[in-house]
Amino acid sequence: MQVAVLSDETRSVDAQVFGDRVVVSPGDLPDAIGWELKPEGLCRDDVCVPVRDPSSIEAGDGIDLVAAAAALGCPAAVSIESGVVAIGQPAATRKRAIEGMEAVPFTLPDLDGELHSLDEWRGSKKLVHVFASW
Amino acid sequence: MIGVALDEHPDDVREFAEGISYPVLIDREHVLSELYAVSNVPTVLWIDEHERIARPNGVAFGVDMFVELTGIPAEPHKQAVRDWVTRGVVDLPAEELAGAVDDLSDAEVAARLEFRIAAHLRRRGDDAGAATHFARAAELAPYDFSVRRAAMPLQGEDPFGEKFFALYEEWQAAGSPYHGLPRPTS
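Read top to bottom, the protein sequences are chains R and E. Heads up: the first sequence begins at 0 in numbering that gives the first Met the number 0, then just goes up one per residue. Heads up: the second sequence begins at 0 in numbering that gives the first Met the number 0, then just goes up one per residue.
Heads up, some of the hints might be wrong.
List time: in silico BS3-like cross-link candidates among lysine-lysine, alpha-carbon distance up to 30 Å [to be verified]:
no., chain 1, residue 1, chain 2, residue 2
1, R, K94, R, K124
2, E, K77, R, K94
3, R, K37, R, K94
4, R, K124, E, K77
Calculated directly from the structure, the hints in this document are not laboratory data.
Model the full structure from these sequences, guided by the hints.
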């Protein structure tokens with residue numbers, strides 16, 4: 000079945016469901032979560048996160064998406080009936096902001112869809128005003 | 000200044016961004032709500048030149064429109080911002096700033112993920128599926144406005160209506176939990 004994966008972007012991938020596990024073929028992993036499985040671990044661009052126990056993310060011939068997220072330190076939630084997986088921010092990054100008081104980076108679109116990163120204002124004082132229409 | 004709206008669609012935000020010269024970003028997936036533990040709006044945080052959080056999550060207003068409800072006048076925070084910008088002085092002692100934001104619990108993190116699943120299902124027209132996951136999110140984080148109040152307009156409910164005031168009372172009865180600095184007293 001096609002599964003929607005919500006992480007840093009929304010992706011759609013062909014996956015199989017075993018019980019409460021959502022499994023993709025290793026070759027489809029980048030299309031699912033943006034990370035590729037290599038001998039050195041889960042890799043994206045020039046960053047690799049070692050996977051201590053590769054068997055922990057394997058399910059048969061495939062890769063369990065929630066376990067792969069966990070290997071990246073990210074929480075995940077699954078709706079099997081709706082075919083959606085949501086992957087959250089790395090817990091360690093969140094703790095750097097909350098406990099370490101570090102301004103951890105984020106990238107978000109403006110109202111015209113143009114992406115902006117906190118980095119754009121590096122070296123300046125910034126007041127971040129989080130608001131909503133609700 | 001950087002504005003970040005915890006909203007579903009840019010059109011929800013445009014009227015609030017009119018006449019504003021600073022960038023206004025839209026955080027549909029509640030990235031800041033998770034990374035910085037933002038649990039209500041408005042939340043203001045200050046980031047210094049060294050990419051450190053100089054003053055973490057706090058409630059502050061630009062105008063006194065809601066002061067009767069909130070009891071938080073705009074001016075003290077605005078003066079504190081001026082002092083920080085011109086003199087580099089933060090209005091609160093360091094020991095009050097460190098540890099002011101409690102980390103999210105596992106349930107509060109899970110609530111954010113359930114919220115995102117619900118919003119995604121709503122986008123694809125599955126309102127029943129969305130309702131299931133909005134309800135699950137509300138169970139996981141019952142006093143988190145970024146989860147519960149944010150879901151109201153996405154479920155056809157008035158975020159300034161009866162449901163909001165019921166939530167507000169529940170939240171007050173629970174001790175007004177907030178991931179950030181204590182509310183300023185006037």
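Hints versus structure:
1. R:K94 to R:K124: holds, 22 Å
2. E:K77 to R:K94: holds, 28 Å
3. R:K37 to R:K94: Roughly 27 Å between the alpha carbons, so the hint for K37 of chain R and K94 of chain R holds.
4. R:K124 to E:K77: holds, 15 Å
No hint from the list above goes unmet by this structure.
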